[in-house]
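Student: Going line by line, the protein sequences match chains C, R and P. Reminder that position 110 of the first sequence reads as 110 in the numbering used here, one-by-one numbering, no gaps. Reminder that position 59 of the second sequence reads as 1059 in the numbering used here, one-by-one numbering, no gaps. Reminder that position 146 of the third sequence reads as 2146 in the numbering used here, one-by-one numbering, no gaps.
Please note that the accuracy of each hint is not assured.
Taking lysine to aspartate or glutamate pairs in the DMTMM-like style, the calculated list, with each CA pair at most 25 Å apart, reads [as the list claims (entries may be wrong)]:
| # | chain 1 | residue 1 | chain 2 | residue 2 |
| --- | --- | --- | --- | --- |
| 1 | R | Lys1105 | C | Glu46 |
| 2 | R | Lys1194 | C | Glu7 |
| 3 | P | Lys2105 | R | Glu1046 |
| 4 | C | Lys194 | P | Glu2233 |
| 5 | P | Lys2194 | R | Glu1007 |
| 6 | P | Lys2078 | R | Glu1046 |
| 7 | C | Lys105 | P | Glu2046 |
| 8 | P | Lys2194 | R | Glu1262 |
| 9 | C | Lys106 | P | Glu2046 |
| 10 | C | Lys105 | P | Asp2050 |
| 11 | C | Lys106 | P | Asp2050 |
| 12 | C | Lys194 | P | Glu2007 |
| 13 | R | Lys1179 | R | Glu1109 |
| 14 | R | Lys1106 | C | Asp50 |
| 15 | C | Lys219 | C | Asp260 |
| 16 | C | Lys219 | C | Asp265 |
| 17 | P | Lys2194 | R | Glu1233 |
| 18 | R | Lys1106 | C | Glu46 |
| 19 | P | Lys2157 | P | Glu2109 |
| 20 | P | Lys2106 | R | Asp1050 |
| 21 | P | Lys2237 | R | Asp1260 |
| 22 | R | Lys1105 | C | Asp50 |
| 23 | P | Lys2194 | R | Asp1260 |
| 24 | C | Lys194 | P | Asp2260 |
| 25 | P | Lys2105 | R | Asp1050 |
| 26 | C | Lys105 | C | Glu46 |
| 27 | R | Lys1194 | C | Asp260 |
| 28 | C | Lys78 | P | Glu2046 |
| 29 | C | Lys179 | C | Glu147 |
The set of hints was computed from the structure by calculation and includes no laboratory data.
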Amino acid sequence: MFGNFIENVRLISPLVHNITNYVTVNDCANILLAAGASPIMADDIEEAADITSICSALNINIGTLNQNTIPAMFAAGKKANELFHPVILDPVGAGASALRTSTAKKLMEEIKFDVIRGNSSEIKTLAAIGGSTKGVDAAETDVVSEETLTAAIAFVKAYAEQMGTIVAVTGAIDIVGDKDTAYVIRNGRPEMGKITGTGCMLTCLIAAFLSANPQEKLKAAAAAVCAMGLAGEIAYKRLTTADGNATYRSYIIDAIYNLDGETLDKGARYAIR
Amino acid sequence: MFGNFIENVRLISPLVHNITNYVTVNDCANILLAAGASPIMADDIEEAADITSICSALNINIGTLNQNTIPAMFAAGKKANELFHPVILDPVGAGASALRTSTAKKLMEEIKFDVIRGNSSEIKTLAAIGGSTKGVDAAETDVVSEETLTAAIAFVKAYAEQMGTIVAVTGAIDIVGDKDTAYVIRNGRPEMGKITGTGCMLTCLIAAFLSANPQEKLKAAAAAVCAMGLAGEIAYKRLTTADGNATYRSYIIDAIYNLDGETLDKGARYAIR
Amino acid sequence: MFGNFIENVRLISPLVHNITNYVTVNDCANILLAAGASPIMADDIEEAADITSICSALNINIGTLNQNTIPAMFAAGKKANELFHPVILDPVGAGASALRTSTAKKLMEEIKFDVIRGNSSEIKTLAAIGGSTKGVDAAETDVVSEETLTAAIAFVKAYAEQMGTIVAVTGAIDIVGDKDTAYVIRNGRPEMGKITGTGCMLTCLIAAFLSANPQEKLKAAAAAVCAMGLAGEIAYKRLTTADGNATYRSYIIDAIYNLDGETLDKGARYAIR
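The shape of chain C in the complex, shown without the other chains (with noise of 0.2 Å):
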């Protein structure tokens, strides 16, 4: 079923705007051009609304966010509102600092966005129940579990409708839910994690998703976090006792690269909930 998704990505070739993160910025251009799509970084007051102009979807990731590159976000992100374009957050580090927390907020109060992804320390933290940190990666006692999915699965819808947006809480488990609907994931890899950047990356891929199957946005995001998360296993059967994070970082883009929609179609290992 999520095979035309990715196949649609292919076909339609979306110009994505990102206003992202120097650390894993390569990666997320290197992700979008294997996935059949195609990338543009501008996070310039001077020329951000023109960028989302030119493009097709907007990613707003707020990894090494600035004061510089803060307003960009949000002209941007008015931008691609007025357009219908798709927009996608990450808030990524939200709960590891005033500005992050901050910023992500308003962002929300200011812009529909139409996915937020982040792992559970930060999209609870955004929800204010509780949310611990570890910087960038989700704290333990936050971790979805096999004993906490039932509950999890009822807070992401619960705070999907409190913001009118789909909600994607990756990790271990993954769940992409919209009020009414939660698909729970479990593609993936536990050493993806080990990785600087996948769900940077699996942001942008949701950005192309959203993009080329606008008329099936849960759907897509769904796909998008399957076909990461097949591409880490799929990586992961090449690595050998010698290989690590690097070459495996390598692997996962070189997997969607080559993901056709006969693959992830087989791959996709979901429950609708």
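Chain C is already provided as a structure; the job is to place chains R and P on it using the hints.
Tutor: The following block gives chains R and P in isolation, referenced to the frame of chain C:
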């Protein structure tokens, strides 16, 4: 014939100042090291001209230009002109926003560039003969093909004459020309377009090649274009069916690392027009 | 002896705050993850001290310093001192511009660093005993050789005493010393100098090693230097004739990912002087 040009880079090891984007900057640094040059990145107005002074070439790339780095581009460019260092412009995304187009044009008014390298959409935009945009990639309507080659060569020569510089329009077919002579280069692989930064990396190589071969700038630029394309061909042969654009990126840099003069001589495919 | 130091990093998983350059930042994040630590990058003055507060070590790298990030370096450094966190300085390109030299010196005046790690040209510049510059690489005239080793050890000890810090001068031969004791380390490969960021990555590892081994800072710094050099040796053995600096970079990070205490114990090559 071009073999000496890369050997001179390895012999002289020029220090190249790069004011460049944060998307592809790591690959830019590594490909300069791979070619035997030495990179330094510095984009603050307080040090830009100082850094230019200790280097022997300057590469200005507007891929993520902003209000802080634009003044540094002008200061560094003027200093490089004073010192008669080769200065190269990579007008990434010219046409994608007013800021990019106007900054690139203003840079070309105030700084004497030895080479301007871009894709066909970027160069056409700057020459104000149309030019569409697909962000940082060339629009299909602008691509140089066998059918449009003769006209494209004439355009490159005319624009080179107008601007008093060498113009390099790169894509499936590359044209590197001054007002009198154009090298039409057929090295490379289409899959290189699926890697972010192959253009940026090429511009770095051009800077290094000109710095190490200052008496023959046109040939040096053409040699750099052949070297990058040939590296793309050599790297492509190493790929397995599981590999994609991430591994391909590493292999291209590796191929530059291992490229000797003899291999470049044998592998360069070009015609003089 | 050094094996415990990396095992403690994996056990404790320190969160390391990095204010660093955008050239090598991705490799810095991945090598910290590879070692078992957790990275966060944050360089805006509005959050720098907050981020420092939730971390357990701070790494300041001036590789692409600018007017916005310099104040963040001071704010974060002072907060780290208040909290008695290990603070490490990587004075990238000190000597290459007045801004770099003066910023590094001022940082050293106002912040108490536990370790200063640089190449021989950078450290000599800071100690004002000469020091040439080749941008971010050491000038040949400054390199530590067998002939200059005894003098270099004496210099490291004297400068360490003067500054009240551990000094790490790294290159073909590494010297890590305080006023009394110097570790002379002979791990590593000359080809590591052809990869951008091996120095930056090493500084990250030093921060993580000190954080996880706070009672033995000198040994922890020396252990990190051995680990990085050993990773370079292990990675080098995997290279084929087609590989170059890009693949080598990935393999070095991979080697850190797989490095256990026993391997580090066996592979560390050092003398105490």
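Student: Give a verdict on every hint.
Tutor: Okay, the hints, checked on the actual structure:
{"no.": "1", "hint": "R:Lys1105 with C:Glu46", "verdict": "holds, 16 Å"}
{"no.": "2", "hint": "R:Lys1194 with C:Glu7", "verdict": "holds, 16 Å"}
{"no.": "3", "hint": "P:Lys2105 with R:Glu1046", "verdict": "holds, 16 Å"}
{"no.": "4", "hint": "C:Lys194 with P:Glu2233", "verdict": "holds, 22 Å"}
{"no.": "5", "hint": "P:Lys2194 with R:Glu1007", "verdict": "holds, 16 Å"}
{"no.": "6", "hint": "P:Lys2078 with R:Glu1046", "verdict": "holds, 24 Å"}
{"no.": "7", "hint": "C:Lys105 with P:Glu2046", "verdict": "holds, 16 Å"}
{"no.": "8", "hint": "P:Lys2194 with R:Glu1262", "verdict": "holds, 22 Å"}
{"no.": "9", "hint": "C:Lys106 with P:Glu2046", "verdict": "holds, 16 Å"}
{"no.": "10", "hint": "C:Lys105 with P:Asp2050", "verdict": "holds, 18 Å"}
{"no.": "11", "hint": "C:Lys106 with P:Asp2050", "verdict": "holds, 19 Å"}
{"no.": "12", "hint": "C:Lys194 with P:Glu2007", "verdict": "holds, 16 Å"}
{"no.": "13", "hint": "R:Lys1179 with R:Glu1109", "verdict": "holds, 18 Å"}
{"no.": "14", "hint": "R:Lys1106 with C:Asp50", "verdict": "holds, 19 Å"}
{"no.": "15", "hint": "C:Lys219 with C:Asp260", "verdict": "holds, 17 Å"}
{"no.": "16", "hint": "C:Lys219 with C:Asp265", "verdict": "holds, 13 Å"}
{"no.": "17", "hint": "P:Lys2194 with R:Glu1233", "verdict": "holds, 22 Å"}
{"no.": "18", "hint": "R:Lys1106 with C:Glu46", "verdict": "holds, 16 Å"}
{"no.": "19", "hint": "P:Lys2157 with P:Glu2109", "verdict": "holds, 19 Å"}
{"no.": "20", "hint": "P:Lys2106 with R:Asp1050", "verdict": "holds, 19 Å"}
{"no.": "21", "hint": "P:Lys2237 with R:Asp1260", "verdict": "holds, 22 Å"}
{"no.": "22", "hint": "R:Lys1105 with C:Asp50", "verdict": "holds, 18 Å"}
{"no.": "23", "hint": "P:Lys2194 with R:Asp1260", "verdict": "holds, 16 Å"}
{"no.": "24", "hint": "C:Lys194 with P:Asp2260", "verdict": "holds, 16 Å"}
{"no.": "25", "hint": "P:Lys2105 with R:Asp1050", "verdict": "holds, 18 Å"}
{"no.": "26", "hint": "C:Lys105 with C:Glu46", "verdict": "holds, 24 Å"}
{"no.": "27", "hint": "R:Lys1194 with C:Asp260", "verdict": "holds, 16 Å"}
{"no.": "28", "hint": "C:Lys78 with P:Glu2046", "verdict": "holds, 24 Å"}
{"no.": "29", "hint": "C:Lys179 with C:Glu147", "verdict": "holds, 22 Å"}
The earlier numbered hints are all upheld by this structure, with none contradicted.
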